[in-house]
Structures are given as C-alpha cells and as structure tokens.
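**Student:** Chains as they are written, first to last, in our numbering: chain A, 7 to 173; chain B, 44 to 678; chain C, 22 to 121.
Please note: incorrect hints may appear among the correct ones.
To be verified - In silico EDC-like pairs for lysine to aspartate or glutamate, Cα to Cα no more than 20 Å straight-line:
no.	chain 1	residue 1	chain 2	residue 2
1	B	K68	B	E147
2	B	K676	C	E26
3	B	K210	B	E186
4	B	K418	B	D499
5	B	K243	B	E147
6	B	K500	B	D584
7	A	K169	C	E93
8	B	K676	A	D121
9	B	K418	B	D584
10	A	K115	C	E26
Said to hold, decoys possible - Heads up, incomplete: computed chain A residues facing chain B, CB under 8 Å, no partners named:
no.	residue
11	A70
12	G71
13	A102
14	A105
15	L109
16	L112
Stated by the list, open to error - Restraint ranges, calculated between C-beta atoms of paired labels, are given here:
no.	chain 1	residue 1	chain 2	residue 2	range
17	A	F143	B	V671	50 to 56 Å
18	A	A72	C	D78	47 to 53 Å
19	B	T645	A	L104	23 to 29 Å
20	C	D78	A	V21	28 to 34 Å
Bear in mind the hints are in silico, worked out from the structure with no lab data behind them. Glycine residues also receive a C-beta, built at the ideal position from the N, C-alpha and C atoms.
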Amino acid sequence: MYEWLFYIFAGLMLVSGFMVVANPFTRSPVASAMFLVVAIVSMAGLFVMLNAFFLAAVQVIVYAGAVVVMFLFVIMLLNPVERSRRRGWILGVVSALLAPAALVLLLLKAFYALDGGDIAETPVLEGGARELGELLFSAYVLPFEVVSVLLLAAIVGVVVLNKRETE
Amino acid sequence: MTELLMCLILFLPLLSAVLITLVLKRAAGTCGKLAIAAAVASFGFGVLVFAFESQWHGGVLLSVPWIELPGLSVGFGFLVDHLSVLMLLVVGAVGSAIHIYSYEYMRGDAGFSRYFAGLGLFMFSMYGIVVSGNLIQLFIFWELVGLSSYVLIGFWYERGAAADAAKKALITNRIGDFGFLVGILMLWGLTGTVDYDGIKNALSENPGVLGGLSTLTGLLIFCGAVGKSAQFPLHVWLPDAMEGPTPVSALIHAATMVAAGVYMLCRLSFVFLATPAWPEALSWLSAVTAPLVIAWVGGVTALLAALIATQQDDIKRILAYSTLSQLGYMVMAVGMIAPIAAMYHLTMHAFFKALLFMGAGSVIHAIAREQDIWKMGGLRKRMPLTFLVFLAATLALCGVPPFSGFYSKDEILLVAYGQSPGLFVLGMFVAFLTAFYMFRLIMVVFYGKARSAVVDKAHEGSITMTWPMVFLAVLSVVGGLIGVKHYLGAELAHGSVGESQWYLAVFAPFVHAPFIALIGLAAVVLGYISARTMYLGAASDPFPAGRALLARVLRRKLYVDEVYDRLNAVTQEAAAVFADWFDRWIIAGVCVRGAHGTTELTGRMLRLMQSGSLRAYSFWFGFGLVIVILISKSL
Amino acid sequence: MIGLEQYLIVSAVMFGLGLLGLVIRRNVLVMLMSLELMLNAANLALVSFSRFNGDLDGQVFVFFTITVAAAEVAVGLALVIAFFRKRHSAGVDELKSMRL
Numbered sequence: 007m008y009e010w011l012f013y014i015f016a017g018l019m020l021v022s023g024f025m026v027v028a029n030p031f032t033r034s035p036v037a038s039a040m041f042l043v044v045a046i047v048s049m050a051g052l053f054v055m056l057n058a059f060f061l062a063a064v065q066v067i068v069y070a071g072a073v074v075v076m077f078l079f080v081i082m083l084l085n086p087v088e089r090s091r092r093r094g095w096i097l098g099v100v101s102a103l104l105a106p107a108a109l110v111l112l113l114l115k116a117f118y119a120l121d122g123g124d125i126a127e128t129p130v131l132e133g134g135a136r137e138l139g140e141l142l143f144s145a146y147v148l149p150f151e152v153v154s155v156l157l158l159a160a161i162v163g164v165v166v167l168n169k170r171e172t173e
Numbered sequence: 044m045t046e047l048l049m050c051l052i053l054f055l056p057l058l059s060a061v062l063i064t065l066v067l068k069r070a071a072g073t074c075g076k077l078a079i080a081a082a083v084a085s086f087g088f089g090v091l092v093f094a095f096e097s098q099w100h101g102g103v104l105l106s107v108p109w110i111e112l113p114g115l116s117v118g119f120g121f122l123v124d125h126l127s128v129l130m131l132l133v134v135g136a137v138g139s140a141i142h143i144y145s146y147e148y149m150r151g152d153a154g155f156s157r158y159f160a161g162l163g164l165f166m167f168s169m170y171g172i173v174v175s176g177n178l179i180q181l182f183i184f185w186e187l188v189g190l191s192s193y194v195l196i197g198f199w200y201e202r203g204a205a206a207d208a209a210k211k212a213l214i215t216n217r218i219g220d221f222g223f224l225v226g227i228l229m230l231w232g233l234t235g236t237v238d239y240d241g242i243k244n245a246l247s248e249n250p251g252v253l254g255g256l257s258t259l260t261g262l263l264i265f266c267g268a269v270g271k272s273a274q275f276p277l278h279v280w281l282p283d284a285m286e287g288p289t290p291v292s293a294l295i296h297a298a299t300m301v302a303a304g305v306y307m308l309c310r311l312s313f314v315f316l317a318t319p320a321w322p323e324a325l326s327w328l329s330a331v332t333a334p335l336v337i338a339w340v341g342g343v344t345a346l347l348a349a350l351i352a353t354q355q356d357d358i359k360r361i362l363a364y365s366t367l368s369q370l371g372y373m374v375m376a377v378g379m380i381a382p383i384a385a386m387y388h389l390t391m392h393a394f395f396k397a398l399l400f401m402g403a404g405s406v407i408h409a410i411a412r413e414q415d416i417w418k419m420g421g422l423r424k425r426m427p428l429t430f431l432v433f434l435a436a437t438l439a440l441c442g443v444p445p446f447s448g449f450y451s452k453d454e455i456l457l458v459a460y461g462q463s464p465g466l467f468v469l470g471m472f473v474a475f476l477t478a479f480y481m482f483r484l485i486m487v488v489f490y491g492k493a494r495s496a497v498v499d500k501a502h503e504g505s506i507t508m509t510w511p512m513v514f515l516a517v518l519s520v521v522g523g524l525i526g527v528k529h530y531l532g533a534e535l536a537h538g539s540v541g542e543s544q545w546y547l548a549v550f551a552p553f554v555h556a557p558f559i560a561l562i563g564l565a566a567v568v569l570g571y572i573s574a575r576t577m578y579l580g581a582a583s584d585p586f587p588a589g590r591a592l593l594a595r596v597l598r599r600k601l602y603v604d605e606v607y608d609r610l611n612a613v614t615q616e617a618a619a620v621f622a623d624w625f626d627r628w629i630i631a632g633v634c635v636r637g638a639h640g641t642t643e644l645t646g647r648m649l650r651l652m653q654s655g656s657l658r659a660y661s662f663w664f665g666f667g668l669v670i671v672i673l674i675s676k677s678l
Numbered sequence: 022m023i024g025l026e027q028y029l030i031v032s033a034v035m036f037g038l039g040l041l042g043l044v045i046r047r048n049v050l051v052m053l054m055s056l057e058l059m060l061n062a063a064n065l066a067l068v069s070f071s072r073f074n075g076d077l078d079g080q081v082f083v084f085f086t087i088t089v090a091a092a093e094v095a096v097g098l099a100l101v102i103a104f105f106r107k108r109h110s111a112g113v114d115e116l117k118s119m120r121l
C-alpha cells in the first residue's frame with residue numbers, strides 16, 4: 007500500500023513537473039501554473055508519507071494557495087505571448103539537455119549505490135505543528151527572526167519595484 | 044681610568060669634527076685651533092695610556108653589548124694591547140704633526156674649516172679601527188676611514204681630477220671591501236663569533252675549524268687589505284689620491300690609513316695559521332696557501348711600484364709609488380707570518396713617509412703648488428731645513444743605518460731570507476730601486492740649478508710647518524732604536540724576544556745576520572751611485588735615451604689604468620647590452636606586456652561567456668555543478 | 022520496499038526537470054516556476070533525510086526554504102512586472118541590456 011502510494015505520488019509529481027517545463031501541447035504559462043499545482047500537491051502527499059504533516063499543510067497553503075495564485079495574477083495582468091520559436095530549436099534543446107542530464111545521471115548513480123534501509127523499519131518521526139513549533143522557538147529562534155526581516159525586505163522591495171511614478 | 048682615556052682618544056676628534064661642521068664653520072682660525080687641540084689631546088691621552096701600562100692587562104675594555112641576536116653578539120669596546128697602543132701612538136703622533144703642519148699649509152683656503160672637519164672624522168675613524176675588538180666594529184670604522192679618505196681626496200672637488208680621484212679611490216676600495224665583508228661573514232659563519240678572541244680561541248682549539256674554506260677565507264680577508272693598502276691589482280687608486288692636499292697624502296695615504304690594511308692583517312694573523320685547505324672541487328690548488336699568495340702579492344706590488352716610481356715626474360706620485368712599494372714590503376712580511384716585522388716597518392714607515400710628504404708639501408708650498416720635479420732644482424740652498432729632514436727621511440726609507448728604516452727593512456729581509464729565496468732577491472732588488480728613485484728625486488729637486496724662476500724665490504715655511512717636520516725627523520732617525528720591536532714582541536711573537544741596550548741595537552743586525560745587513564747596505568749604495576751618476580746636474584731625464592720603450596711603459600704605470608679602462612668599457616658594454624635586452628624582452632615584454640596581455644586575453648575569453656542570456660547562464664550553472672560534484676567525488 | 026534512495030532519486034529527477042525548464046524556456050514566468058520545482062526537489066530531499074535520520078532539523082530547514090521561496094517569488098514577479106512595463110514582453114531574451 008505504502009509503495010503504491012509512493013509510486014503514484016512520485017509519478018504524478020514527475021509527470022506534472024515535466025508538463026510544467028515542457029508541455030508538448032501548449033506553451034501557455036497558465037497550463038504550466040496548473041501543472042505546478044498538481045506537482046506541489048503530489049509533493050505534499052509525499053511529505054505526508056514522510057510523516058511531515060505540518061510541512062505538507064504549509065506546502066499546500068503557501069505554494070498552491072499563495073505562490074501559484076500570484077503567478078496566475080501576473081499572467082492575467084500581463085497576458086504575455088510567447089514569441090515564435092527560433093531556428094535550430096532541436097539542436098538547442100539537445101545541447102540544453104546536456105547539463106541537466108549529466109547532473110541527474112551523476113546524482114542517480116550516487117543514489118543507486120545508497121542503502122538507506124526500508125522506511126517501514128525506521129522509527130517514525132512525527133513532524134507536526136507542535137514538534138516543529140517547539141524547535142522553531144527554541145533552537146532556531148534566531149534564524150526565525152532573520153527570516154521575518156527577509157520577508158519584510160521582500161515586501162518593501164515589491165512595493166518599491168511596482169510603485170508607479172507620480173507625476 | 045684607561046676606559047675614560049680611550050673614550051677621550053676616540054671621541055675628541057669626532058667632537059671637534061662635529062663642532063666645526065655644525066657650529067664653527069665660519070670661524071676658520073678657531074676651527075683649526077680646535078682641531079689641533081683635539082688631535083694633540085688625543086695623542087697626549089694615548090701617551091698616558093702607554094705610560095700607565097700597569098692599569099690595563101690587554102683585552103677588550105668597556106665592551107658595551109651592541110647587537111644581540113641568536114648566534115651573533117657584537118660589542119662595542121676598546122681593545123687595548125701593545126699592538127693597538129703602538130698604533131694609537133703612531134696615528135696620534137703623525138696626526139698631531141700633520142694637524143699643526145696643515146694650519147700653515149692650508150691657510151687661506153676657502154675650505155679651511157671643512158678640511159679640519161674631514162681630518163677630525165678621519166682621526167676618529169682611524170682610532171676606531173685601531174681599538175676595534177671585533178670584526179663588525181672594525182668593518183664599520185674601516186668604511187668610515189674610506190669615507191673620510193674620499194672626502195679629503197676630493198677636497199678640491201671643483202677640480203675634475205680631484206673629484207675623479209676621490210671616486211676612483213672609493214670604488215676601488217669597494218671591490219676590496221666586498222671581499223673583506225664576505226670574508227668576515229665566512230669567519231662568523233664558520234666559528235660562530237666575530238670577536239678576535241673568540242676566533243683566535245676557536246682556531247687554537249681546532250686549527251681545522253675553517254674546513255675546506257680556510258684558504259678562501261684567508262684570501263677574502265686579505266681582499267680588504269688589498270683594497271685599503273692598495274696592493275696590486277687594486278693599487279691604482281693610491282697614486283691618483285695624490286690629488287688631495289699634501290698633508291692629507293702624508294697622513295692618510297702614506298702613514299696611517301693605507302697601513303690600516305697591514306694592521307688588520309697583523310691583527311688577524313692568527314687566521315692564516317689555520318690549516319690550509321681548499322674545497323673539494325678546487326683541491327688542485329692545494330699548493331696555494333693564503334700566506335703564500337699574500338707574500339707574493341706584496342712582493343709583486345713592491346717590485347712594480349718601485350719600477351714605476353723610477354720614471355715618475357710628479358714629486359707626490361714618486362712618493363705615492365714609494366708608499367705602495369713599502370706597503371708591499373709589509374704585506375710580504377705578513378704573508379711570511381712575521382707580523383712583528385710588518386708592524387715594525389709600518390711604524391717606521393709612518394714616520395719617514397709622512398715626513399717625506401711633508402717635505403714635499405713644504406717644497407710645493409714654497410714654489411706656488413708646482414709638483415713637477417723637472418721644474419724644481421737647487422732647493423738645497425733655499426730650503427736647508429726641508430732638505431735636511433727630507434734627506435733624513437730618504438736615508439730612513441732607503442735603509443741606511445742608524446736610520447729607522449734600516450732596522451725594519453732588515454727584519455723583513457731576514458725573514459724572507461729564511462723562508463723564500465725568491466722573495467729575498469726580489470726584496471733586495473726593490474731596496475736597490477728604492478735608493479735609486481729616492482736619490483733621483485733628491486738630485487733633481489735639491490741639487491743642480493733652479494729650472495724655473497719661481498724656485499729662486501722659494502723660502503722655508505713658518506714655524507708651524509717646520510717644527511712638525513723636525514719632530515717626525517727625530518722619530519725617523521731614532522725610531523729603529525727605541526724598542527718598538529720589543530714592545531710588539533711581547534704581543535705578537537711566536538717566540539721570545541730578548542731585551543737589549545740601545546747602543547747595542549744600532550749594530551744588532553750586523554751582529555746576528557751580517558750577511559743580510561751588508562747586502563742590504565750594498566743595494567742602497569749601488570742605488571745611490573747609479574742615481575748620482577745619472578741625475579746629478581741633469582737638465583732633463585737622461586733615462587729614456589736608449590731605453591725609450593721601457594721608459595714609456597714605466598711612465599705610463601705599466602698601462603694598468605689603460606687595461607682597466609678597456610676592461611671597464613668592454614664589461615660595461617656587455618652589461619648594458621644585456622640589461623637592454625633584459626629590459627626590452629623580459630621586463631617590458633614578458634612581465635609588463637605579458638601580464639597585460641594575459642589579463643586582456645582572459646578577459647576577452649570570459650566576455651564571450653557573458654552572453655546576457657539567462658538560459659545560457661543556467662546551463663553553465665548546471666554544468667559547473669556537475670564539474671564540482673565530479674571533482675569533490677574524485678578527491 | 023521504499024527507502025531513502027527512492028525519495029532521493031525522485032528528488033534528483035525533479036531537480037533535473039527544473040534545471041531543464043530553466044534552460045529551455047524563454048518565458049520568465051515559466052522559468053520562475055522551474056525554479057520553484059528545483060527548490061521543491063531540494064525540500065523533498067531534506068524532508069526524506071530528516072525522516073530517515075530521525076531528526077526534525079531538516080524539516081525546520083524546509084520551513085525556512087519555503088518562506089524564502091515565497092519571498093523570492095514575490096520579488097521575482099514584481100521584477101517581471103516592472104520589466105514588462107518597460108519592454109512589453111516577458112521573454113527572457115530581451116533581458117540583455119546589461120551585456121557589454
């Protein structure tokens with residue numbers, strides 16, 4: 007059962023991930039955004055299978071609920087049209103594949119040699135809001151505060167970037 | 044008390060030099076008097092040190108630690124023993140006499156006070172050499188002496204020849220001093236100390252402590268003496284140094300500074316007692332030992348200088364070559380490990396050669412700075428006192444008993460007779476030449492007829508010029524009888540030297556080595572006779588008739604200067620061509636343009652990657668990541 | 022049997038997909054989404070390490086990553102909008118004015 011669920015979520019995630027970057031049917035960014043939602047939700051499923059319940063929730067809320075919505079807003083706002091494809095596209099894609107393919111091959115080779123043991127035999131570690139919260143407000147309180155500053159900086163940055171010049 | 048006296052001796056001349064330079068420069072008369080007072084006071088204190096011998100027992104007094112490093116400890120102190128006290132007295136006596144003499148001789152010169160400041164600096168440096176107890180202190184004062192010599196040779200710096208001579212002296216000395224410094228470093232490196240005593244102890248404990256470098260070290264130390272004491276082949280600066288004022292020539296370039304090389308060799312004579320050895324690669328030179336080289340360099344210098352002196356016309360140059368020749372004798376004596384004989388001759392030579400120069404100066408002063416002997420003549424009548432002292436000094440130099448030079452020269456020839464027949468014959472021939480050129484000088488300058496109008500009006504200088512000459516004349520006459528040798532003997536002898544009465548001392552050489560004394564005397568008489576027959580009453584030099592080639596070669600000082608000029612031109616040209624090539628191709632080409640070119644090329648290549656395409660950047664990012672992983676895996 | 026290596030392999034493939042998207046797509050918005058994919062791949066690896074090591078630190082780290090990613094997307098999208106106002110395009114090939 008666990009295995010089946012893993013393969014379903016992983017497969018779904020990889021396929022939709024592929025659809026995000028290289029949808030063979032359409033180049034529309036809206037489609038990409040939609041497949042991104044699917045990928046993210048599948049990943050949340052994987053998180054659940056790893057007992058990271060809090061993160062799974064955060065993943066869905068932040069990504070599907072906020073990030074993708076933001077993407078959609080921008081797409082709506084700008085309505086960008088992808089220009090016509092350039093010549094030599096096939097060659098370009100093949101050469102562009104080189105770096106990611108090499109990286110993935112390298113990583114796969116390394117991971118195949120790994121023996122992490124069966125998940126069923128490793129002790130369960132609950133990643134609920136309580137456990138994470140305790141850690142966040144004890145050992146990681148300084149990074150936590152720093153992140154708050156980062157968010158503030160992001161807010162200010164966004165406002166400054168998009169403020170219209172008043173005449 | 045001795046410490047205080049030594050301090051005063053050393054620093055009084057410096058004090059006077061500093062005061063003159065900084066405060067009294069305008070008041071010329073005061074400067075002269077101050078400098079004379081300082082010099083005479085130093086000499087007086089020297090006499091006190093000598094008189095109260097019971098106050099000191101030899102060794103370094105008041106040694107102040109100066110440089111303290113791991114493996115190097117240099118003190119600044121006063122080495123007081125018979126050798127240094129004798130040298131103090133010589134420098135003090137001749138120096139004081141010259142100071143007083145200069146007061147008249149330099150009167151009216153624009154640089155009067157500068158002159159006395161220079162003399163003060165020189166006296167300070169010379170005393171410093173004498174009292175140094177270690178090689179570093181010695182080398183510092185050694186260089187200071189060179190500096191003051193430079194200042195005084197170039198005293199009339201507005202004259203091109205004087206300025207050139209000063210430069211020549213300084214540069215030639217640099218060559219010797221470089222070798223000397225390397226020698227000092229080698230001694231330090233091999234024995235671990237720069238103190239005379241330390242090195243001496245190290246050598247007496249183990250004569251082989253210098254190992255394969257012992258001969259080389261000895262020769263490098265000797266290099267210093269070759270430069271400072273103007274031995275062949277670095278002798279060229281001394282005749283040119285006669286461009287300086289005559290009293291300077293008398294003090295620095297006849298009596299004291301040039302003798303510093305000999306003094307240093309006597310001081311360090313223990314170095315030449317080390318087991319002679321060469322490095323492995325040079326073992327085919329094993330027959331050559333440092334003392335042998337030193338003795339022969341001295342001998343050759345003595346011979347060549349004496350030969351050249353026979354055909355010089357400038358009165359000071361004749362005396363300069365004579366100085367060279369006598370220095371050659373002393374170095375020869377050192378080379379035969381006879382430091383007593385060397386120091387003995389040094390002392391006597393200081394007296395009579397300073398006197399000769401002062402006599403020459405007196406003549407030059409009287410006839411409006413004319414130095415060509417063929418424009419003088421008949422001065423015997425006009426300047427009887429000068430003639431007398433000059434004659435006394437000449438007899439001393441030639442070695443006529445009972446004048447001082449006879450005893451010291453006899454000593455050296457005695458050693459040579461015992462050690463090396465070749466050097467003995469050479470020494471005898473030089474003695475003959477010495478008598479020949481000195482009596483040639485006397486015949487031409489003091490006998491015959493006046494050859495120019497100015498000579499007829501010549502007259503003796505004032506009392507400040509004559510009395511110092513008389514003082515030195517007395518020393519020149521009796522110097523051989525006052526026991527200098529015995530005084531030194533206690534310090535340097537490798538055997539004991541018996542005491543003797545002065546009246547016995549007069550005939551001593553005839554008693555214990557009559558053969559040598561008589562041959563020496565015969566050489567002198569032969570030289571006198573040939574000079575007399577050739578030059579008495581001659582209007583011009585009869586020597587070149589029939590011997591034109593020889594005369595010309597001697598007149599041109601064996602063409603040594605010309606050879607050096609040519610060599611310099613060739614080496615400089617080669618060095619310049621190389622430097623030009625190096626600058627053009629290595630510095631400008633490889634270094635400057637290379638650095639610029641590499642940077643630009645790299646920049647241009649990297650610029651190709653800056654396509655501005657985000658996608659290309661991400662591609663390279665991924666690619667770089669792969670490479671990083673590969674590298675970190677392989678590590 | 023599911024172990025650490027399966028999760029890591031999925032994560033590596035996901036990362037490769039993200040990189041691929043970054044390289045081949047010209048649309049800035051899609052490139053930003055690809056970035057999100059790469060970040061998520063890293064998150065997955067972190068969470069699985071956390072799970073298999075029995076240590077919650079990895080999950081805390083993911084929490085921070087998500088925060089940073091959200092901030093990054095916000096700023097990135099703001100930049101896209103600003104850029105679009107100037108050039109009327111979301112094509113990344115237009116972004117070459119800094120090139121020499």
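**Student:** It remains to establish, for every hint, whether it holds in the given structure.
**Tutor:** To see whether the hints hold, each was checked on the structure:
1. B:K68 to B:E147: holds, 18 Å
2. B:K676 to C:E26: holds, 18 Å
3. B:K210 to B:E186: Since the Cα atoms of B:K210 and B:E186 sit roughly 14 Å apart, the hinted pair holds (cutoff 20 Å).
4. B:K418 to B:D499: holds, 11 Å
5. B:K243 to B:E147: Violated: B:K243 and B:E147 sit about 46 Å apart, past 20 Å.
6. B:K500 to B:D584: violated, 24 Å
7. A:K169 to C:E93: holds, 18 Å
8. B:K676 to A:D121: holds, 18 Å
9. B:K418 to B:D584: Holds. B:K418 to B:D584 sits at ~12 Å (cutoff 20 Å).
10. A:K115 to C:E26: Holds, because 11 Å separates the two Cα atoms, which is no more than 20 Å.
11. A70: violated, 25 Å
12. G71: Result: violated, 28 Å to nearest chain B Cβ.
13. A102: holds, 6 Å
14. A105: holds, 3 Å
15. L109: For A:L109, the interface hint holds, since the closest Cβ of chain B sits about 5 Å away, which is under 8 Å.
16. L112: holds, 6 Å
17. A:F143 to B:V671: 50 to 56 Å: violated, 36 Å
18. A:A72 to C:D78: 47 to 53 Å: violated, 25 Å
19. B:T645 to A:L104: 23 to 29 Å: holds, 25 Å
20. C:D78 to A:V21: 28 to 34 Å: Between C:D78 and A:V21, where Cβ atoms are some 31 Å apart, the hint holds.
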